[in-house]
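Colleague: Single-letter residue listing:
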Amino acid sequence: MQSIGRPTQPADTIGVGAPATVLGHRGLDHEEALIFELGASGRCGVDLDTPAPVASRLGPHARKAPVGLPGLSEPQVVRHYVRLSRRNYAIDMGLYPLGSCTMKHNPRLNEKMARLPGFADLHPLAPMSTVQGAFALMDELARWLTTLTGMPGVALSPKAGAHGELCGLMAIRAAHEASGQAGVRKRVLVPESAHGTNPATAAFCGYEVDPIPANAEGRVDLAAFMARLGPDVAAVMLTNPNTCGLFERDIVAIAEAAHGAGAYLYCDGANFNAIVGRVRPGDLGIDAMHINLHKTFSTPHGGGGPGSGPVVLSAALAPFAPVPFLVREGDGFRLVEEAAAGAAPFGRMAAFHGQMGMFVRALAYMMSHGADGLRQVAEDAVLNANYVLASLKDVMTAPFEGPCMHEALFDDGFLKDTGVSTLDFAKAMIDEGFHPMTMYFPLVVHGALLIEPTETESRETLDDFIRVLRTLVARATSGDTAHFAAAPVLAPRRRLDETLAARRPVLRWRPPALDKAAE
Amino acid sequence: MRYLPLTGDDRSAMLARIGVADIDALFRDVPQVARLNGPVDLPHHAGEMDVERRLVAMAARNLAAGQAACFLGGGAYRHHVPASVDHLIQRSEFLTSYTPYQPEISQGTLQYLFEFQTQVALLTGMDVANASMYDGSTACAEAVQMAERITRRTRSVLSGGLHPHYAEVVRTMAADGHEMVSLAPSPQAAVTAEEIAGLIDDATACVVVQSPDVFGNIVDLAPIAAATHARGALLVVVVTEVVSLGAIEPPGHQGADIVVGEGQSLGVGLNFGGPYLGLFATREKYVRQMPGRLCGETVDAEGRRGFVLTLSTREQHIRREKATSNICTNAGLCSLAFTIHLSLLGETGLARLAGLNHAAAATLEARLAQIKGVQPLNATFFNEFTLRLPRAAAPVVEELAARGVLGGVPASRLWPDDPDLADLLIVAATETNTPADIERFASALAEVL
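One line per chain: the protein sequences are A and B, in this order.
The numbering used here puts the first residue of the first sequence at 1059, with every later residue one more than the last.
The numbering used here puts the first residue of the second sequence at 4, with every later residue one more than the last.
There could be a bad hint or two in this list.
[To be verified] What the simulated footprint calls covered on chain B by chain A, stretch by stretch (three residues with Cβ under 8 Å from a Cβ of chain A suffice, anywhere in the stretch; the number is not a length):
1. 23-37
2. 251-260
3. 274-283
4. 288-298
Simulated from the structure, these hints should not be mistaken for lab results.
On a predicted model such as this, the values are computed, not experimentally measured, just so you know.
All residues carry an ideal CB built from backbone N, CA and C; glycine is no exception.
This is chain B alone, in the form it adopts within the complex (with noise of 0.2 Å):
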């Protein structure tokens, strides 16, 4: 076997060295009753060659987003990824090691922690990030918890706009005797101060809202915070399209306390959902609240700067269950993908990126309100908008599907329950879309209404 280095004589003289007769006396302790005598029912080892061609194969059963016309969104967004990216990321010392627990000889992935984090503050418009969480749902959970944990309180309330997924992961999350008050979903507009502002009560621990929101409207976010703060509660500002951020005010500099993202639109790719990455940014004076791995400076005995995993006391492997979470492994290897990515980009490549995706949106969003029933819903919007179609957008995705264009995300696939939103249809652009993607898009929508 090709991954198993030992030979039969290794295995010999080396169970002659521990002073044993075979491998079955090192597994003595194992009950009677659970040792199995011979291999389990599964297929028996098989070499590259083979293992590749059933793996192909069952990847040659799916329609992937490069070959057809793709406009899917809703929290998951296709974006081009330099190819330097994923030569750097597949650099042994980058893919095969640990987390740094030996800064010494970590100082590789330390470094780029640091970078991470700086970028992840510098985008958000927040004072300081930590070194990523599992994706963008689990950090919106985290920061209602972290929230919860600031301010003493015990309820939070939930914009409509934010994704179901999300809210319902921050629901799953929610410690016993929670309350979670979700407003109602609403694709006409963005949820206004006004809303929200009745919802807030003084045992109001944070309110959590998406810019752009799930139906893509952007955010006033500054009167929100203005309501949250006055009330003594926080605002969690949820982001799914990071690079929107290249184009719209970012949340710290709107009053958002903690904000949570997902990263997956730099540098990770679409990957079926998953691994993702987890942005979570903070102000100063609640790091000491934060959940997951920090990266600090320091400096070395030599007195040369270098990098640790700091503020460790709040972390699960020295506090256990008096931790801020349980969070242990994070998605080192994608934040170090969405360091790489913004790194070539720049500051006038990520302004140019957010252009080239806002102009997609809004071309695409002209091009499709011509097509006679189809009606564009949103007042602003980065690169995701909502129509509503003259029926059911379920169908009609799949009848997009069959002539090769993923035309969008119905709103029933995240609303299952919902038949208000039965024919709502949430569409993406962004800069991998060419303008014969738009009009196979549009000739087909049309051809299937």
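One chain only, chain A, in its complex shape (with noise of 0.2 Å):
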């Protein structure tokens, strides 16, 4: 994830000295039109029948105009994806150390796994006798993910992080609503430190979000965690670990104290990478925690999505959870649409069951590193974001006292009086051959810098990043500004400028003439 970027301007200064072009093509670097501009009538990249003369029966309904499509061949779209796919970075690239985005090797035997036609190939309404291989499988991703939280319930439908945690926190309220408590409990309280979304989803259920502040240590202040906690309090959301990527030590006795005052402990598992295989979240008193199945268990993001977000749910939630869910019937399972008998669900997170093509991958990830390797992963994952801290912490300051979990978290006081700031330092690692790590995120200290490399890095690639990092906080502090403001100069793009962008919207291409009449 990310967070505030400032606005850029225009430089003054032009390039690298690159010589110019007649099309603008730099190389293996091609400039290329919007697919609207490089199509023409008469065109088409699919064979289809001519339809058959049958009596029509769309009434008066039938489309009156063109939509206004440009016509291409099969090999100018292939062209123009293949181009517009080498504009950008990947981890199959190199290391892509955003903190908070658990950005890890993708497997490709999850991919073919996903396509298989007995899995992608399936309607999500077809009789449930003909899908009981699809159920099954859903099943054992269930039972993966509530052995390894140590949480008998699961909600496997919601579609991504932010989704599961709304799922989680409508679960919550059920369960007040249950009890008679609903309209007493209207506050929830999140860490200054969360992540956008606990807040945003917090306000979408309806509640008041009551900040708790951070003590000297990253973590949440106990004292003034106390002070908020009262009769009013619907639910506590936590991220553990934090997003300063530490582990919130006193989560126990936080549990204690919310479940005490008869709120529930939701946590946001966005980094559950950490832990996974060494800690069960339901060891810790936590009640709801959604499950990034794309952070964690390997998914690609795909450039934002599709994700996919189970909610694990404690025994106190398990019976309010949403619909569609499986129960086991005679030898096979049967899908539940609607309230049944022991179960009072909350509702309907989305028209389907869940991210069927990422539980198959998730699943597939999870076989391949069993209980064992999964471990091994949250081992790994600490010790290379430790090691990056570790190498870096003397030249890069570090807000917090260490070991940190996953992620390493530096602010900007490095930079003091070099006039670079951190999007600039970021921005200079473009140049370098490094996708940056998250920027001014948390919120919490002064120009963040987190960095989560992950456990598919190899310790040769974390020496080269740690070289170049140390080698742009040399030239920073050595006062070579004019370094920094530039970047990135070597990138198919330099720095956008995002306040034109936002100031006067352009958010989809226009003919030519349609553009004018706009004007």
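Once you've looked at the hints, go ahead and assemble the two chains, each given alone in its own frame, into the complex.
Modeller: Next up, the structure:
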């Protein structure tokens, strides 16, 4: 995840003296027009038969005007998107150290398995007798998730992390309603270091968000937390390990106090990678936690999605899990689509029963690693982050005492008086061939730089990364501000004018004539 | 373990640099009571061959749609996806990149999002579209909330033709005290402005209408838009079969204020319900109330055209509890699949695809209508229609499946508690259905009835 970048200004220096080219291409880096600027009428990239003549059943509703889509042949479309692809950084190209995002290797076995027709070519409303293998896979995934977390219930349908948060808070709200306390429990306590989705989710559920400050050690200030707890608190939303990359040492005391006050403890599971196989959140007193299958369990981020956010639930919250859910029936499974005996589902999160494509990938990953391998995942993720921290803390400023968990946090103290900002520093990393770390998040430290290497990076890669960062620090502190202000100069684009984009939004292509008319 | 590069020597050397004796020292902040001393009770690691064998066995227990004559719809449709779509979305640079927060090295993702937004706006006949939502149903719930924000009203009217799962998601996401008025399902005919007008009052934020509706009927949207706007409310139109927009008038040309849809039909595939692709489009004047990511055009420091995520002051990572939605992750790669598929189709391909779907459905309906006791209900439809059978549809569907025919969705699957709908069967046909499939369906249905 990522936070506040600052508006950029066009620099007055141009490039690195690269020669001008006729079409603007630079070797392997091709300039590429929009698909709408490439088409011609009369071309089509799909061969389809002429529809049989039938009496129209559209009534008076037939489309009157063309859509306005361009026509292209298959080779043109393929080349267009291959050229575009080459303008992206990717985990398959190099370290992608975005803190809180867990950019780990995405195994291709998972892709192959998700594409088996027995999973990919199944209709969600197919007769249940014809999809028992898919139900068995969902049940097996549920077994892995509940065993790894030590929590008895799981709702598989949430489609991403934030959707899982919503599911968890709705289960909590339903539990308060069932005990007649929904009317009085109006507040949700959220640490200041939380992901933006946490307060947004609580507000979406109609709760008043009450921020808890961090203490000098980067953790929840226990005294402040206790002071805010009361009979009007519905839930506490915690991230553990937290967004500073630190384990909340007081988590058990926090859980006990929350429960004592009649509130539930929600855990943002974005950082589960740090503890998978070593710590079960259920043993910490957590009542609900979403699991980002696209982080801990290696399903690809796909340029921003799709994700998958199953929510594990304690025994107290499990009855409130949303429909649909699986029950065993005979020697198979049945998908329950409506309220049934013994359950009090709070509602429905989405049209169907979850991100099946992601379930297959995640289960393939879990089976590959096994219980032993997953424990090693957490250990190597934590080891890699601490190695980065230990190798940089003499030149960059770490706001909190280590060790860290899966990610290493620095503030911009080391850039003080250099004229180089966190943003500038990050952009200089692009020229060095690395995707920057998460910038300006968490909000509890100034100019944050949050580095999560994950367990799938080799020591050699980390050493290269460390060497680059140490060199950049030396360059910044030696006064070479101009280098950072201009960066990046070697990427497909220099810094982009975000202020212009927001002030005068252009959110779609329009045909030139229309474009002129709109002005 | 094949995914873990660190060797035992690496680990020792790294621990030494960190200055701790062992890995446990790095987990010292974990309370003693919560430390697991060994692996949890699950199978140990496995090689590719072994994992593949186990998953292939699970997949083999399912009847894939392609192994049968498939006529299932109800919000998910089986279409042919060109081979190049899946090849391109598996390019590492698309598949394994993150949200494009560093635009200088994410122009590939940003440019296709800009193309996607344009395509969705064109298809729906709206001004602008966002960079995708989770699926059609969650997009629908977000649309209702957006209409409530814009109108500052708290009541919404849901048409009886709205997919009941969508209606359930909308009701689940409704804020405390907000009222959702649902019309009863009406399989015989599309909802009319007269039926809706009486339910709209001055507290109504929006009217939600699906077209084609869940029974396949095409809705005359313009008079509903007029009735809705007359009371200061907004019209939200839901499209669950996006291919229909190649053949029928887009909602944007009939007065819709927000159009949401399920984009699964183009590029994405069935996937047993997910991942899918939420489409979300609206009028220019409402853009700052939209949920989700937006990609916008700008220039770089050398004046070259480039793209960035923009208007992010609507979003949770900036606005936290004041954001327009809590959404973060979207359906990025599915939107790429949609964009590539639609680019391959182009204007002529989309029109032809829509024509093939309509022709298949019209042929199927006429054929099934010949079967004794089968009563077609639709006055209009695109590629999906509803039949009244002489007996309950759910067991009929099971008997058809045993004959290798996935013969539609029984209405009782969507409305388990409504006995009046128990004998209704919702049937879809697409370009993937051959004349032989249609004949196979017809003869199997005649046999079981």
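Colleague: Does each hint hold? Answer for all of them.
Modeller: Hints and how they fare:
1. Remark: the segment 23-37 of chain B is confirmed as covered by chain A, as 11 of its residues place a Cβ nearer than 8 Å to a Cβ of that chain, reaching the required three.
2. Counting residues of the segment 251-260 of chain B whose CB falls under 8 Å from any CB of chain A gives 4; the rule of at least 3 is met.
3. Beta-carbon proximity to chain A at under 8 Å applies to 6 residues in the segment 274-283 of chain B; the threshold of 3 is reached and the given coverage holds.
4. Counting residues of the segment 288-298 of chain B whose C-beta lies closer than 8 Å to any C-beta of chain A gives 4; at least three are required, and the coverage claim holds.
Violated hints: none; the structure is consistent with every hint.
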